[in-house]
Structures are given as structure tokens and as C-alpha cells.
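Participant: Residues per chain, in single letters:
There are 2 protein chains.
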Amino acid sequence: MAKKKAAKKKPAAKKVVKKATKKAAKKAGPIFPVMALIGIGLIGSSIARVARQEKLVGRIQVATRRKETAATARKLKIADDVGTDMAKAVKNADFVVLCTPVGANAEVMATIAPYLKPGAIISDVGSVKQAVIRDIAPRLPKGMHLVPAHPVAGTEHSGPEAGFAELFRGRWCIITPTPETDRAAVAKVAEFWARCGSDVEEMSADHHDKILAITSHLPHLIAYTIVGTATDLEDSIKSEVIKFAAGGFRDFTRIAASDPTMWRDVFLNNREGVLEMLQRLQEDLTVLQRAIRWGEGDKLFDLFTRTRAVRRALIDAKQA
Amino acid sequence: MAKKKAAKKKPAAKKVVKKATKKAAKKAGPIFPVMALIGIGLIGSSIARVARQEKLVGRIQVATRRKETAATARKLKIADDVGTDMAKAVKNADFVVLCTPVGANAEVMATIAPYLKPGAIISDVGSVKQAVIRDIAPRLPKGMHLVPAHPVAGTEHSGPEAGFAELFRGRWCIITPTPETDRAAVAKVAEFWARCGSDVEEMSADHHDKILAITSHLPHLIAYTIVGTATDLEDSIKSEVIKFAAGGFRDFTRIAASDPTMWRDVFLNNREGVLEMLQRLQEDLTVLQRAIRWGEGDKLFDLFTRTRAVRRALIDAKQA
Numbered sequence: 289m290a291k292k293k294a295a296k297k298k299p300a301a302k303k304v305v306k307k308a309t310k311k312a313a314k315k316a317g318p319i320f321p322v323m324a325l326i327g328i329g330l331i332g333s334s335i336a337r338v339a340r341q342e343k344l345v346g347r348i349q350v351a352t353r354r355k356e357t358a359a360t361a362r363k364l365k366i367a368d369d370v371g372t373d374m375a376k377a378v379k380n381a382d383f384v385v386l387c388t389p390v391g392a393n394a395e396v397m398a399t400i401a402p403y404l405k406p407g408a409i410i411s412d413v414g415s416v417k418q419a420v421i422r423d424i425a426p427r428l429p430k431g432m433h434l435v436p437a438h439p440v441a442g443t444e445h446s447g448p449e450a451g452f453a454e455l456f457r458g459r460w461c462i463i464t465p466t467p468e469t470d471r472a473a474v475a476k477v478a479e480f481w482a483r484c485g486s487d488v489e490e491m492s493a494d495h496h497d498k499i500l501a502i503t504s505h506l507p508h509l510i511a512y513t514i515v516g517t518a519t520d521l522e523d524s525i526k527s528e529v530i531k532f533a534a535g536g537f538r539d540f541t542r543i544a545a546s547d548p549t550m551w552r553d554v555f556l557n558n559r560e561g562v563l564e565m566l567q568r569l570q571e572d573l574t575v576l577q578r579a580i581r582w583g584e585g586d587k588l589f590d591l592f593t594r595t596r597a598v599r600r601a602l603i604d605a606k607q608a
Numbered sequence: 289m290a291k292k293k294a295a296k297k298k299p300a301a302k303k304v305v306k307k308a309t310k311k312a313a314k315k316a317g318p319i320f321p322v323m324a325l326i327g328i329g330l331i332g333s334s335i336a337r338v339a340r341q342e343k344l345v346g347r348i349q350v351a352t353r354r355k356e357t358a359a360t361a362r363k364l365k366i367a368d369d370v371g372t373d374m375a376k377a378v379k380n381a382d383f384v385v386l387c388t389p390v391g392a393n394a395e396v397m398a399t400i401a402p403y404l405k406p407g408a409i410i411s412d413v414g415s416v417k418q419a420v421i422r423d424i425a426p427r428l429p430k431g432m433h434l435v436p437a438h439p440v441a442g443t444e445h446s447g448p449e450a451g452f453a454e455l456f457r458g459r460w461c462i463i464t465p466t467p468e469t470d471r472a473a474v475a476k477v478a479e480f481w482a483r484c485g486s487d488v489e490e491m492s493a494d495h496h497d498k499i500l501a502i503t504s505h506l507p508h509l510i511a512y513t514i515v516g517t518a519t520d521l522e523d524s525i526k527s528e529v530i531k532f533a534a535g536g537f538r539d540f541t542r543i544a545a546s547d548p549t550m551w552r553d554v555f556l557n558n559r560e561g562v563l564e565m566l567q568r569l570q571e572d573l574t575v576l577q578r579a580i581r582w583g584e585g586d587k588l589f590d591l592f593t594r595t596r597a598v599r600r601a602l603i604d605a606k607q608a
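If you're matching them up, the sequences are chains A and B in order.
Each number in my numbering comes from the position in the first sequence (counting from 1) with 288 added on.
Each number in my numbering comes from the position in the second sequence (counting from 1) with 288 added on.
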């Protein structure tokens, strides 16, 4: 019965895009004459590097908010033009990628909208997708195309120096077009990411936000919390927490070292998804807490056996 | 004021042992003529491998509960004698190391006590230490020495095949003697672990259990819970959780793949420590939950900035 059900189930993400883009990836030549990147942190600077290396665009123009960041990016020579003027960066660009924290999207779009080239494709790299569409779509001038994208890749480091061309290789890039999105624009963005080395999948923004809430947002929230809890301990223990971090805590500190602005914006902009998963987690934690208090070893053992199987599934899916 | 306080503070762990053992580590020659290992999983088989490689003992005798495990260990040729008879393994052993899940200690001690060699040193590798003393000390025959130890090392793999000689290299080994413990016995066990490549520290069992509750037990409990929460999701999301695990969840699945029996026993045997830390975590999670619900970005940003600093402290302490 269960087997039958599984066989009937359609995958929510479309494989079509992936196949098409893998084919396209073999074609040479730039996809866009001019690409503009708004923001040049870990993700933006990695896009600049891979786009140049793989000859995905003819020219790269960068605008970033802070002068210091622009100066750093300029020194790295990862783009053809780097400045703080967003209008200048986008005005002749065929492909504009917003690489800012998702909370900045509305303001960025309001600023660049009057200067966008007719027919330009606007994309982003945000870890939430419904909020991106909510903030960008209404500010999009007619004749422009919004193709929201999320390269599921990153490290705990930030800034233009932290980027590298291989960041997206073998990682997922999830594209979440709306029913209105121009399919030719979707295909171009999919090709771009496939040639960055990513496996491209297409799904709805709503579905994306649900999946990422549990696979990414909740783990980050928990890591931040547990590291915070540890730093609130009495002094005599706190110093030793750092010393003896090897037992599991260390993995959490790496996750909890991720960019604060980016993650604040993720939690505020996938509020429903995160709160729903957090509520479930709290319930499950409470059940475990009770099992420990009352010495119910079987309940613990059953859960731990079940979770071990998940790791095997991951290894089978070549995700570990 | 804060600085003065910090300067006055004595470290809870004694550095003395570490220095003494580093010196001792340079001396050659076996520390014990015969070592018995009870249990030959990841930790036991790693001890066998490193003890033989570094010539720390003259002879290695192993007893394990299951015939199949004994057969596997025998095939690996990591010990001089492998069987299921605990009495036989310990009767001429100078150093007996319990490498079983901590919940088995009381029963194992009751079984081996009548056969222990006079003057033998009994040690263990458990991740909790107060419960180990509680379960072993009362069953220890007169003239024997209990030196509880915890090598803070491991992987998510189990069984005799999973072990390797380098597992303990550069990792902590925490020794938690009681005030009654013979100091000569402590020095020998410290030398053993130093020559396994570990940094040896001495502290009270109570202090150990508090530190490990936050650095190891709570992270494992959380990882188990979050992976469990994910596997309880609706089918349409569950299959994609595996697929898109790269965003943070993957790190949790590795931790949550650790040995179920071992971890069940850890939680049941450090109940007070784990429940105390879990309670603090739940409170902190609730505060974050409220901040997300009410859109209080500053609170999130402040925490995330604070936790990022912890990673830096870890890197400075060379623990990352």
C-alpha cells in the first residue's frame, strides 16, 4: 500500500529544467552581454568569479552600499566595474542579480526600477522566496522579467574576499518562478546556474519556503540558540565550553557564525514557515525532555535509531 | 573589575597532569603488561589499535557480549585474544577498560569483580562520569583502582571496523578521579592517554558532567530531535528534506547518526545536567520564537552577532 502510494507520487520539483540546462551547459558563449550584481558579499563575489571563469557574461558591473566593500571588491579584480551607484550598475545590464540580504530587496528595487534596461531579467539569491516575490514583483516595471533563484550554498564567512568560483559546484539552485514569469527568462537563468556547476530545480516559492524552513532555517536558528545558551553560562563553565567544544558543539558554532544580517532577514521573511517548524520542534523536544526525566530509555532508543536511518538515506542520495 | 576577576579565577582543570604526561610520553616501553578491553566498538577497537601501534601494553585481551562482534574483531587482528568471556579477559589484566555503553557498567562490574587481578586499574571511556563512579566504585574489590576517563572523540560510525589508531590524536581525554583514587594509578592512565596522542586534563566528575552537558549532550539531543521532527513531516516534504539537506540539516544528520545505545545511556545517566541545559535552551528558544513572531529584528541580530564571536574564540583556542 505504502509502496503504491510512493510510486504514484509526483515529485514537486520539475526535473525538466535540470535536463534542459545540462544540455545547454555544454554550449559555449556568454548568456548575457552585461550582468549587474547588487551586493558583493560571499554570494555576489562568488557569482562574479564563476561567471568570469566560465565566460557566462560579457561584462560584470557591481554596486554595493558601502564604499569600503566596493574598494575591497575593486582590489580583488573580480568585476569590470565596482561602485556604490546602483543606477549606473544596472542601466545597460541584461541580467541583474540582487545579492543583498532579503530585507533590502524592496528598497533596492525601488531605487533601480527607473534605470533598468527594457527586457532585463531580474533575479536574486535569497534564502526565502515568497517574500522576495512579495517585495520585488510589485516594483518591477513592465517588460522586465523576475526569476527568483536560491543557490543553496554558502559558508560561515562573509564579504567579497570570502567568495570563490567553486562555491556553487554540485549544489542545488532552486528557481521559483510565478505562473506569470516568462519561460524564456527562466530557461536563461537556469542555464546560468547550470553553468555555474549547480543542479537546477524548479518549484513554487511556497514549497521552497516550507522545505528550506526545516532543512536550513530551523537548523540555523537552533545553532544560534544553543551557542547563545552556552555563552550565557556561569564564567567557570563558559571558558571550558570553548576548550572542550569538540564533542558536537563545534559543529553548531560554525553554523552560528553565519552572517547575522542575512539570517535576521531570513527569519523575519519566512516567519510562518520557521514558526511552524519551531513549534513542531518544541513539541518534540518536550516529549524527549519528559522521556529523559522519567528514564524512558526505549523512547530515546527508538528515535535515535530512526534518525540514524535518515543519515543512510542521505548517503544513498549522495547528499552527505 | 571583570578583568581582575578573570585573573584571579583558577582553572577548574589541572594542567599538572598534562605536563607530567607529556614528559612521560617520551619514555618508551609498555605501561601495562596486559590490557583487557570490555567492549570492542568504535572506541574499544581504536584503543586496541593505538595501544598496539604505540606499544603501550604487552598484550591485549578483549571480551564482547555478542559472538558476531567478537568474530569481526578477531578477523581484524587488533587484539591478542578476543572472546565473549569477560572473566577470562580480565583475570590477568593490569589495566581493564570498560568500552561498553555506560548503562552496562554496573552489570559488567558485577560480572568481572571476582576475577580481577589484585592491584588492577579499572578505567572506562564513558561520556558521563558521575554515573560511572556511582555504578562502578561500590562494586570495586579492595586493592583495585578506579580511574574514570573520557576520551572526547568519536565519529558517527559504530562497531569494531569503525575504529582507527588516530581517533584520539589531538583530542581531549578528561580524567575524573575521586579524592580516594590512588595518584600513581591516575598517573599511569594519564600517561596511557597522552601516548595515544590525547591532551589529558583532570577535573571532578561533577564538573565534567556539567561541561559535557552543554558541549556534547545537548547538541546531540537537539540534532536527534530536529532530524526526528523532519522525518515526521508530510510525505511531499519529507523526500525533499533529504534532497535539499545541504543547507545546515546535513550537519545535524551526521550527529544524529551516532550510536543509539550509547546516547540513550548518556541521556539517562546525565539526566540532571542534560535537563538543566535543555530547560535553558527551551527558554532561549521561546524568546527567539517571540522575536520572530513580532518581527524584532534587533534581538535576532544581537544574538547572531554574539554567537559569531564564539566561533572566533574557538578558532583562537585552536578548537575549530
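Check the hints yourself; a few may be wrong.
For chains that are exact copies, the list does not tell them apart, and a pair is met inside one copy or across any two.
Stated by the list, open to error - Capping the alpha-carbon separation at 35 Å, the derived lysine-lysine pairs in DSBU-like fashion look like this:
1) K587 - K526
2) K606 - K376
3) K587 - K343
4) K587 - K476
5) K531 - K343
6) K355 - K606
7) K405 - K355
8) K430 - K405
9) K526 - K405
10) K430 - K526
11) K531 - K355
12) K379 - K405
Everything labelled a hint here was simulated from the structure, so no lab data went into it.
Participant: Any of the earlier hints contradicted here, and which numbers?
Facilitator: 2, 3, 4, 9, 10 and 11
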